[in-house]
Amino acid sequence: MSPSAISLAVILAIVGLGVAIGFLAGVRRKMNLEQWTVGGRGFGTLLMFLLMAGELYTTFSFLGASGWAYSRGGPTLYILAYITLGYVISFFILPQIWEVGRKYQLQTQSDFFNVRYGSKHLAAFVCVVGVTVLIPYLQLQITGLGIIVNVASFDRVGRTPAMVISVVLLAAFVFASGVRAVAWISVLKDFLMVVAAFAIGIGIPYIHYGGIGPMFAALAQARPAHLTMPGATANLGHTWYISTVLLTSAGLSMWPHGFGATFTAKSGDILRRNAVVMPLYAVTLALIFFVGFTAVLVVPGLSDGDLALLTIVRQSFPAWFLGVVGGAGALTAMVPASILILTSATLFAKNLWRPMFAPAMTDDQVAKLARAMVVVISGISLYLATHSSTTLVSLLLLSYAGVSQFFPGVVLGLYWKRVSMPGVFAGMITGVAIAAFLTLTHRDPFFGWSAGFVGLCVNFLIAIGLSLLTPATQD
Amino acid sequence: MPVKKPSLLALLLGLIPFVATCFTVALWDRVDPMILGLPFNLAWLLGWIGLTSLCMWAAYRVETAREKKDGERR
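Chains as they are written, first to last, in this note's numbering: chain A, 12 to 486; chain B, 170 to 243.
Keep in mind the hints are simulated off the structure, nothing from the lab.
Even glycine gets a Cβ: it sits at the ideal position worked out from N, Cα and C.
Honestly, I wouldn't trust all of these hints.
One side of the interface only, derived from the structure: several residues of chain A facing chain B at Cβ under 10 Å [as the list claims (entries may be wrong)]:
1. 30
2. 85
3. 103
4. 111
5. 165
6. 168
7. 226
8. 228
9. 256
10. 260
11. 284
12. 286
13. 289
14. 291
15. 292
16. 297
Looking from chain A toward chain B, a few residues come up when the C-beta cut is under 8 Å (computed) [as the list claims (entries may be wrong)]:
17. 102
18. 110
19. 235
20. 238
21. 257
The calculated lysine to aspartate or glutamate pairs, modelled on EDC-like cross-linking and capped at a C-alpha distance of 20 Å, are [as the list claims (entries may be wrong)]:
22. A/114 x B/236
23. B/237 x A/110
24. B/174 x A/110
25. A/361 x A/122
26. B/238 x A/280
Take the sequences, apply the hints, and build the full model.
This is how it looks when you write it as structure tokens:
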């Protein structure tokens with residue numbers, strides 16, 4: 012068997028195993044993903060560690076973070092800071108959101124805005140922005156799947172056909188298993204991912220340099236500027252770092268799929284305890300950084316940094332192991348992708364279409380519309396993925412620029428009696444418009460500042476200023 | 170709807186990691202001295218991940234103690 016056949020066969024076997032586990036374990040039981048991440052359920056310490064650490068390995072951190080460490084260098088460090096600080100912010104808002112959710116029986120993020128500000132239109136706008144920001148996030152997963160199949164096939168399967176195959180697989184996966192099975196598949200994915208991360212994070216610097224310390228010493232000697240900011244970029248300096256870290260840590264708790272999951276926690280205290288422990292798992296992300304930094308001198312000149320991790324794995328390990336890493340990576344893309352597809356399809360049908368255009372729809376019809384939207388949303392993301400060459404990290408930053416615009420409405424709604432609906436609505440529209448305009452016209456970073464952060468600041472100013480001029484909105 | 174505000178002490182404890190890992194970036198973003206073979210900025214951030222957990226653990230103690238006191242008063 013040729014190396015490409017071996018690695019592709021291993022990937023297929025792992026994905027097949029994942030789907031099979033999903034079918035066997037989750038068919039008739041309602042299993043919410045959040046149940047894995049919150050609360051004690053009597054797992055052993057090691058299994059618990061694997062699960063919690065594995066949650067942090069998404070396609071973004073796995074291929075994207077190593078890709079940026081390779082192509083950009085120092086600015087990649089923002090990832091370690093934003094995950095940590097995002098949990099610090101969650102400590103001060105998630106338990107409160109949970110409490111409000113319990114009091115008013117909330118299910119989604121739009122529900123929160125609807126109840127707090129009593130505006131159907133604001134809730135619908137939140138929904139539109141929510142679905143829109145999930146699309147680049149989904150595009151990220153599809154691009155990641157394309158890269159995995161492309162590199163694992165030793166370039167025999169091109170990136171575009173690989174993405175088409177992946178999306179068909181993904182849509183089939185969502186239709187066949189639904190979100191119930193996802194939790195069990197994520198056990199396999201988390202386990203494989205953590206094992207793979209340790210193996211390559213320690214193994215690859217060791218194979219090429221004899222250890223992590225010598226690898227950094229060599230890199231510091233050959234390319235000293237690569238390890239600090241702005242690294243290999245022209246404009247990602249300290250201003251960019253601060254504004255991006257603030258933007259993304261504010262956005263971490265604002266994802267539509269995560270926000271909804273908050274309501275399913277057993278108590279607010281669990282969310283608070285989660286915020287204390289979760290930053291610790293971010294330490295394991297450093298392993299992925301090591302791989303990207305090793306690749307700088309070992310496989311220089313790659314056209315696309317996102318290829319760095321798999322290329323160096325392909326060069327350092329036998330084909331079957333490339334298959335294991337690729338298979339783990341594929342599950343890592345498929346699990347969140349199916350949650351994203353389901354969340355956005357459901358949001359569109361239930362929180363946007365029915366309340367705005369067809370109040371008479373039955374639940375059955377909503378479910379049918381949601382299923383149709385699975386195909387539409389997958390199609391749009393595939394189109395975008397095949398027509399753009401944006402890096403994985405940039406895609407996530409694009410999503411963050413949008414999703415963080417919910418932050419002022421949530422925080423002011425929780426803590427400020429004077430806040431008014433017109434203030435929050437106008438602030439959010441302006442924030443989204445500024446972020447979208449600056450990003451789409453390639454003005455990000457804007458004079459060194461992250462475009463989304465500029466939008467967020469204006470958003471806050473308008474929300475506060477206009478609230479002071481209009482009567483407060485009582486819920 | 171406005172909910173109970175977190176205590177000032179807990180907020181201050183939450184502010185420490187922001188100062189250490191975000192606002193002060195210009196002070197620690199350098200390669201030397203290397204610590205345990207890692208560039209200084211990477212080692213600094215990894216160390217502060219642990220210290221952030223410690224800060225938030227203290228904030229957790231502050232908040233739960235306050236809630237307990239409130240519960241008794243009621």
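The hints, checked one at a time:
Hint status for residue 30 of chain A: violated, given a least beta-carbon distance of 35 Å to chain B, over 10 Å. Checking residue 85 of chain A against chain B by beta carbon gives a least distance of about 7 Å; that is within 10 Å, so the hint holds. The closest approach between the C-beta of residue 103 of chain A and any C-beta of chain B is roughly 5 Å, which is under the 10 Å cut-off, so the hint is satisfied. Proximity of residue 111 of chain A to chain B holds as hinted, the smallest CB-CB distance being about 6 Å (cut-off 10 Å).
At its closest, the beta carbon of residue 165 of chain A sits 32 Å from a beta carbon of chain B; the interface hint therefore is violated under the 10 Å criterion. A hinted interface residue such as residue 168 of chain A counts as satisfied when its beta carbon comes closer than 10 Å to some beta carbon of chain B; here the least separation is about 35 Å, so the hint is violated. Proximity of residue 226 of chain A to chain B holds as hinted, the smallest CB-CB distance being about 8 Å (cut-off 10 Å). Interface hint status for residue 228 of chain A: upheld, as the beta-carbon distance to the closest one in chain B is roughly 7 Å, under 10 Å.
Given the 10 Å rule on beta carbons, the hint for residue 256 of chain A holds: about 5 Å separates it from the nearest Cβ of chain B. Annotation: residue 260 of chain A was flagged as interfacial toward chain B, and the flag holds, the nearest CB pair being 8 Å apart, inside 10 Å. Because the smallest distance between the Cβ of residue 284 of chain A and any Cβ of chain B comes to about 7 Å, under 10 Å, the interface hint for this residue holds. Residue-level restraint check for residue 286 of chain A holds (minimum Cβ-Cβ distance to chain B is 6 Å; threshold 10 Å).
Hint on residue 289 of chain A holds. Least Cβ distance to chain B is approximately 8 Å, under the 10 Å limit. Below 10 Å, beta-carbon pairs count as interface contacts, and residue 291 of chain A has one with chain B at about 5 Å; its hint therefore holds. Hint status for residue 292 of chain A: holds, given a least beta-carbon distance of 9 Å to chain B, under 10 Å. For the restraint placing residue 297 of chain A at the interface with chain B, the shortest Cβ-Cβ distance is roughly 6 Å, inside the 10 Å limit, so the hint holds.
At about 6 Å, the closest approach between the beta carbon of residue 102 of chain A and any beta carbon in chain B falls short of 8 Å, and the interface hint on this residue holds. With its C-beta approaching chain B no nearer than about 6 Å, residue 110 of chain A sits inside the 8 Å limit, and its interface hint holds. Checking residue 235 of chain A against chain B by beta carbon gives a least distance of about 6 Å; that is within 8 Å, so the hint holds. With 8 Å as the threshold, the beta carbon of residue 238 of chain A comes within range of chain B, its nearest partner Cβ sitting at about 5 Å, so the hint holds.
At about 7 Å, the closest approach between the beta carbon of residue 257 of chain A and any beta carbon in chain B falls short of 8 Å, and the interface hint on this residue holds. For the given pair, residue 114 of chain A sits about 18 Å from residue 236 of chain B by alpha-carbon distance, which is consistent with the 20 Å threshold. At roughly 17 Å between alpha-carbon atoms, residue 237 of chain B and residue 110 of chain A fall within 20 Å of each other, so this suggested pair holds. Distance check on the hinted pair: residue 174 of chain B and residue 110 of chain A sit about 13 Å apart at the alpha-carbon level, within 20 Å; holds.
The suggested pairing of residue 361 of chain A with residue 122 of chain A holds, with an alpha-carbon distance near 11 Å, which does not exceed 20 Å. Distance restraint check for residue 238 of chain B and residue 280 of chain A: the Cα-Cα separation of roughly 16 Å lies within the 20 Å cut-off, and the hinted pair is therefore satisfied.
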